[in-house]
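> Sequence:
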Amino acid sequence: MAWKAKASGLALAIGAMASTAGAAPPVFDLGRARAAFTVDLPEGCKLEDGQVRASFAIFYVACDGKVMAGIYAGNAADRQMPRSRVMITETRWPSEVQAWAADVGEDQARADAIAASVRVRRVKIAWG
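Under our numbering, read the sequence shown as residues 1 to 128, first letter to last.
The hints are simulated quantities; they were obtained by calculation from the structure and are not laboratory data.
For glycine and all other residues, C-beta sits at the position ideal for the given N, C-alpha and C.
A portion of the hints provided could be inaccurate.
[Said to hold, decoys possible] Here are the in silico distance ranges between beta carbons for each label pair:
| hint | residue 1 | residue 2 | range |
| --- | --- | --- | --- |
| 1 | Gln108 | Asp29 | 27 to 35 angstroms |
| 2 | Glu106 | Gly31 | 28 to 36 angstroms |
| 3 | Gly44 | Ala116 | 14 to 22 angstroms |
| 4 | Gln80 | Arg53 | 18 to 26 angstroms |
| 5 | Asp103 | Asp29 | 17 to 25 angstroms |
| 6 | Arg53 | Ala109 | 16 to 24 angstroms |
| 7 | Ala76 | Glu48 | 20 to 28 angstroms |
| 8 | Lys66 | Arg92 | 28 to 36 angstroms |
| 9 | Val67 | Leu30 | 13 to 21 angstroms |
| 10 | Asp49 | Ser95 | 27 to 35 angstroms |
| 11 | Pro82 | Gln51 | 13 to 21 angstroms |
| 12 | Asn75 | Glu43 | 32 to 40 angstroms |
| 13 | Ala109 | Asp29 | 33 to 41 angstroms |
| 14 | Asp29 | Glu106 | 31 to 39 angstroms |
Taking the hints into account, I'd like the entire structure generated from these sequences.
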């Protein structure tokens, strides 16, 4: 009977390993997404949180309440998006930062300049 207990214990251990092998990545950290890039904010503009999902975050730069540019931080940028560019980070997550200018008519040059000012940080984050 001892072998049944050992086999049962082994089965539980294997089951536990299997259930954690495909486990989801650590809980999403919005601060880590923000830390992946810098952006020059002209006077009257601020960085706002947009969509936040389990694997990415989108931020917006709004100037006097009008969205001028967007910034994506995640691992699957949309390379087909017009007026955008994708930058590769030195971290596993987010591995990509994408910046784009909103279509804002008369303020287009300002929106383009804000989107062009987005830069990835080149420092690796040390964990613990």
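> Each hint: holds or not?
Verification of the hints:
1. For glutamine 108 paired with aspartate 29, a C-beta distance near 34 angstroms keeps the hint of 27 to 35 angstroms intact.
2. Checked against the hint of 28 to 36 angstroms, the C-beta distance between glutamate 106 and glycine 31 comes to roughly 35 angstroms, which is consistent with it.
3. The beta-carbon spacing between glycine 44 and alanine 116, approximately 18 angstroms, falls within the hinted interval of 14 to 22 angstroms.
4. The given range of 18 to 26 angstroms is respected by glutamine 80 and arginine 53, whose C-beta atoms sit roughly 19 angstroms from each other.
5. A beta carbon spacing of about 31 angstroms between aspartate 103 and aspartate 29 contradicts the range 17 to 25 angstroms that was offered as a hint.
6. Taking 16 to 24 angstroms as the suggested C-beta distance range, the pair arginine 53 and alanine 109 does not conform, at roughly 32 angstroms.
7. Separated by about 22 angstroms at the C-beta atoms, alanine 76 and glutamate 48 satisfy the suggested range of 20 to 28 angstroms.
8. Taken as a hint, the range 28 to 36 angstroms holds for the pair lysine 66 and arginine 92, whose Cβ atoms sit roughly 35 angstroms apart.
9. For valine 67 and leucine 30, the Cβ-Cβ distance of about 19 angstroms falls inside the hinted range of 13 to 21 angstroms, so the restraint holds.
10. Separation of aspartate 49 from serine 95 is about 20 angstroms and departs from the stated range, judged on CB atoms against 27 to 35 angstroms.
11. In this structure, proline 82 and glutamine 51 meet the distance hint of 13 to 21 angstroms, their C-beta atoms being roughly 19 angstroms apart.
12. The given range of 32 to 40 angstroms is respected by asparagine 75 and glutamate 43, whose C-beta atoms sit roughly 33 angstroms from each other.
13. One distance hint, 33 to 41 angstroms for the beta-carbon pair alanine 109 and aspartate 29, holds here, with the actual separation near 34 angstroms.
14. The supplied range of 31 to 39 angstroms is met by aspartate 29 and glutamate 106, whose beta-carbon atoms lie about 38 angstroms from each other.
When held up to the earlier numbered hints, the structure conflicts with 5, 6, 10 and fits the remainder.
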